[in-house]
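Residue numbers (numbering that gives the first Met the number 0), protein chains in the order written: chain A, 0 to 383; chain B, 0 to 383.
Honestly, the hints are just simulated from the structure, not real lab data.
One thing to keep in mind: the hints can contain errors.
No distinction is drawn between identical chains; accordingly, a pair holds when it is met within one copy or between any pair of copies.
[What the hints assert, rightly or not] Derived lysine to aspartate or glutamate pairs resembling EDC-like cross-links, with alpha carbons at most 16 Å apart:
{"hint": "1", "residue 1": "K3", "residue 2": "D33"}
{"hint": "2", "residue 1": "K46", "residue 2": "E231"}
{"hint": "3", "residue 1": "K329", "residue 2": "E302"}
{"hint": "4", "residue 1": "K3", "residue 2": "D315"}
{"hint": "5", "residue 1": "K382", "residue 2": "D222"}
{"hint": "6", "residue 1": "K372", "residue 2": "D222"}
{"hint": "7", "residue 1": "K3", "residue 2": "E24"}
{"hint": "8", "residue 1": "K382", "residue 2": "D288"}
{"hint": "9", "residue 1": "K278", "residue 2": "D222"}
There are 2 protein chains.
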Amino acid sequence: MAAKRYLFTPGPTTVPPEVLAALAEPVVHHRGSDFRAVYQECLQRLKQIFRTSSEVLLFTASGTGAMESAVANLCSPGNRVVVVSAGSFGERWAQIAERYGCEVVPVRYEWGETPAADDLAAALRDTNGARAVFLTQSETSTGVVADVQALAAAARPSGAHVVVDAISSVGAVPLEVDAWGIDVACAGSQKALMTPPGLAMASVSDAVWAPEGRSSSPRYYFDWDRTRRAQEQLDSAFTPATSLVVALNVALGLILDAGLEQAFERHRLLGRACREGAKAMGLELFSPDDDSAAVVTAIKTPEGIDATELVSLLRDRYGVQLANGQAQLKGKVFRIGHIGYYDVFDIATALGAVELGLAELGADIERGVAVTKALDVFAEGAKV
Amino acid sequence: MAAKRYLFTPGPTTVPPEVLAALAEPVVHHRGSDFRAVYQECLQRLKQIFRTSSEVLLFTASGTGAMESAVANLCSPGNRVVVVSAGSFGERWAQIAERYGCEVVPVRYEWGETPAADDLAAALRDTNGARAVFLTQSETSTGVVADVQALAAAARPSGAHVVVDAISSVGAVPLEVDAWGIDVACAGSQKALMTPPGLAMASVSDAVWAPEGRSSSPRYYFDWDRTRRAQEQLDSAFTPATSLVVALNVALGLILDAGLEQAFERHRLLGRACREGAKAMGLELFSPDDDSAAVVTAIKTPEGIDATELVSLLRDRYGVQLANGQAQLKGKVFRIGHIGYYDVFDIATALGAVELGLAELGADIERGVAVTKALDVFAEGAKV
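Work out the full structure, taking the sequences as your base and the hints as a guide.
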C-alpha cells in the first residue's frame with residue numbers, strides 16, 4: 000500500500016476535499032454567465048479576506064507575480080524605494096525592485112530577526128522621497144511575522160506607498176488593509192487560502208489609482224489598469240485559471256463562513272502547540288517563541304544532525320513533507336507550516352514524525368513528550 | 000434538472016475525465032520527489048509536443064504571459080520588430096511590443112485574411128535590422144491558420160528571431176519547432192492540450208540562449224534564464240500551479256499515446272465536417288473554406304440575425320457555449336472551436352444547436368441538413 004502523505008510545508012498546503020472536488024468540475028468558459036457568478040462572489044470574498052473596500056486584483060500566477068506587479072505598476076527606473084528585509088522573501092522584494100531599475104534602500108536584518116517600526120521610520124527620514132516601502136508580513140523563510148500595522152504607521156509620514164507581501168499570512172494572521180493604511184497587499188492561493196497554487200492577488204488602494212500613481216515601467220500581463228478595467232465588468236484581461244478560481248471561491252466560502260477571527264485563533268493556537276511540543280522534546284526554536292509566530296515554526300536541529308537529512312528521511316520513510324531551511328539556514332533548521340486546512344492532529348503528526356526521525360538519526364528524544372505537550376497546550380488554549 | 004453544458008469555444012476547452020480526476024488529487028509539494036517525477040515527465044512530453052530538443056519553459060500564467068516573456072526577454076527599448084497581424088491576437092503582439100518600447104513594423108492584414116510569406120520577406124527587406132518577427136499560427140479571432148513554416152522560412156535570411164503564438168494551435172495542427180527554425184513558440188494549457196487554463200509554455204531555441212540574445216528590459220517572474228536554470232534541476236523558480244502540472248501531464252500522455260499525427264488528422268476532419276455542415280444549412284463561412292482551418296470555424300450569421308443574440312440564446316436555452324466574434328466582428332460572426340477533447344458528435348451537437356437557435360431567431364433553415372452533412376463528411380474522411 001502506498002504510504003499516506005502529509006503536506007506540512009509553508010506552502011503549498013493541503014486543501015479541503017470540497018476544494019479538490021470543485022477543481023474536478025467540468026471546465027466552464029470564463030465569459031459565460033455561470034463562471035461570472037462564481038467570479039463575482041470570489042472577488043467580493045477576497046475583499047472581505049483582505050478587509051478592504053478596494054478591488055483585489057486577481058492574477059493567474061504564483062504570488063511572486065503579484066509582487067512583481069506592485070513594483071512594475073508603482074515604480075519607474077531610478078525611483079528610490081525602501082525594502083525591509085529579514086529573510087528570503089524580503090530579499091525577493093529587493094531583487095525585483097533592482098530588476099526594475101529602482102534605487103533600493105535596504106533596512107536589512109539578520110535572518111530570524113523581527114523588523115522594528117523605529118528602524119523603518121529612521122530609514123525613511125534619511126531617504127529623500129521614497130516612492131514605496133516594501134514589507135513582508137510573514138517571512139516564510141524564518142517564521143517571523145512582522146508587525147505590519149506598526150510598520151505601515153511608521154511609513155505613513157513619508158508619503159511612500161506601503162506594499163506588503165502577505166502571501167503566507169493572509170487568512171492566517173490579522174491583516175487590515177484599509178484600517179492599517181496598506182496601499183498594496185499581495186497574496187497567493189496556496190497558503191492559508193486553502194487552494195492549490197496558481198492564483199495571486201494584489202489589493203490596490205484608492206490612493207494608488209490616481210494617475211500620478213502609475214510608473215513608466217513596461218508591463219502587460221500584470222498591468223493593474225487593464226486588470227481592474229476587466230474586473231469591474233466581471234471580465235478578465237486574459238483567460239484566468241478558471242478551475243482554480245472556482246476552487247478558491249469554495250475555499251474562501253469555508254473560511255468566511257467559519258469567520259476570519261476563528262481562523263486567526265486557530266493559527267495562533269496551532270503555532271503555540273507546535274512551539275511547546277518542539278521545546279518539550281528538547282529542541283531549540285529558530286522562529287520567535289511567542290504567539291506572533293502563527294504561520295510557520297522554524298526549529299533548529301540538534302547539534303550534529305543535518306536538517307536536510309531529517310527532512311528527506313521524514314518524506315521518504317514516513318510520507319511527511321516538512322520544509323528545510325532556505326539559503327544559509329539550509330541543513331540547520333527545518334520548518335513546520337501550520338497554515339490553512341490544518342488542525343491539532345496535524346501538529347501531533349508532524350511532531351510525532353520529527354520525534355521518530357530524530358531518534359533514528361541518533362538524537363536522544365523522550366518518546367511522546369512532544370505530542371503530549373502539543374495536545375495539552377491545545378486543550379488549555381481551546382478552553383479560553 | 001440542470002441543463003447539460005457544452006463548451007465549444009476556442010478555449011478554454013472541455014478536458015477529459017482523467018484530467019479532471021488528476022486535478023482533484025491531493026496537493027503535493029513542488030519540491031517533493033513525487034512531484035518532481037511528474038514534472039520531469041511533463042517537461043519531456045512538452046518537448047515532444049513542440050517537436051524540439053530545446054527546453055520548453057513552463058509558466059503559471061495564461062498564454063499571454065508566455066507571449067510577454069518573449070518580448071521582455073528578447074527585446075530592448077528601441078528594438079525594431081516586425082509583427083504579422085491579421086486579427087486580435089496578432090494585434091496583441093503589437094501591443095506588448097509597444098509596451099516594451101519596441102519600434103513595431105506591422106505587416107497588417109484585414110481580419111480574416113491569411114498572411115503571405117512574400118509580404119513578410121518584403122517587409123524584412125525594407126526593415127533595417129529587425130530584432131524579431133512575431134507570428135500567430137492560429138488566429139483564434141478569425142479561424143485562419145497561417146503557414147508558419149513558410150513565414151519562418153521567409154524570415155530566416157533577415158536573422159531576426161522568429162517568435163510564434165501557437166497558443167490555440169499546438170497539438171491541433173502541425174508545429175515543427177526545430178525543423179521549421181522557430182526560435183520561440185508560445186502555448187497555453189487550455190486549448191488542444193486538454194487542460195484547464197493556467198499554464199503557459201515557451202520553447203526557446205539554442206540560438207536565443209546566447210548572451211547577446213538577452214534584452215535589457217526589466218523582468219522577473221517571466222525571466223527565461225531563471226526559469227531555465229530552475230527547470231534544468233527539475234526545480235521551479237516560483238511555486239508552480241502543481242495541480243495543473245499534474246493534470247497537464249495526464250493530458251499530454253493521452254495525446255502522445257494516441258500520437259500527434261492522429262490528433263492533427265482528427266482536427267482536420269472535424270474542421271471539414273463543421274464547415275460542410277455550416278454550408279449545408281446555407282451559412283457563409285468567415286474562416287477559410289479549406290483544411291487549414293482545423294482549429295476554429297468562424298461563421299457569418301444570416302442577414303438580420305445578430306451573432307450576440309444567437310450565442311446568448313444557445314448558452315441560456317441549450318447550455319451550448321459558442322464564441323461571439325471579437326471586436327469589429329462582434330455580432331457578425333460566431334465561432335465554433337473544435338479543439339482538443341472533441342469528436343464528431345460534438346460537431347453535430349454544435350451544428351444542431353445553431354440550427355435550432357437560428358430557426359428560433361427567424362432564419363429559414365432546413366431541419367437536420369447540417370448534422371447530416373457533418374456526419375457524412377466525417378464518415379467519408381475517416382474512411383480514407
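Right, here's what the structure says about each hint:
no. : hint        : in the structure
1   : K3 x D33    : between (36 Å within a copy, 13 Å between copies)
2   : K46 x E231  : within (14 Å within a copy, 39 Å between copies)
3   : K329 x E302 : within (14 Å within a copy, 69 Å between copies)
4   : K3 x D315   : within (11 Å within a copy, 44 Å between copies)
5   : K382 x D222 : neither (48 Å within a copy, 50 Å between copies)
6   : K372 x D222 : neither (49 Å within a copy, 46 Å between copies)
7   : K3 x E24    : between (25 Å within a copy, 13 Å between copies)
8   : K382 x D288 : neither (21 Å within a copy, 73 Å between copies)
9   : K278 x D222 : neither (47 Å within a copy, 42 Å between copies)
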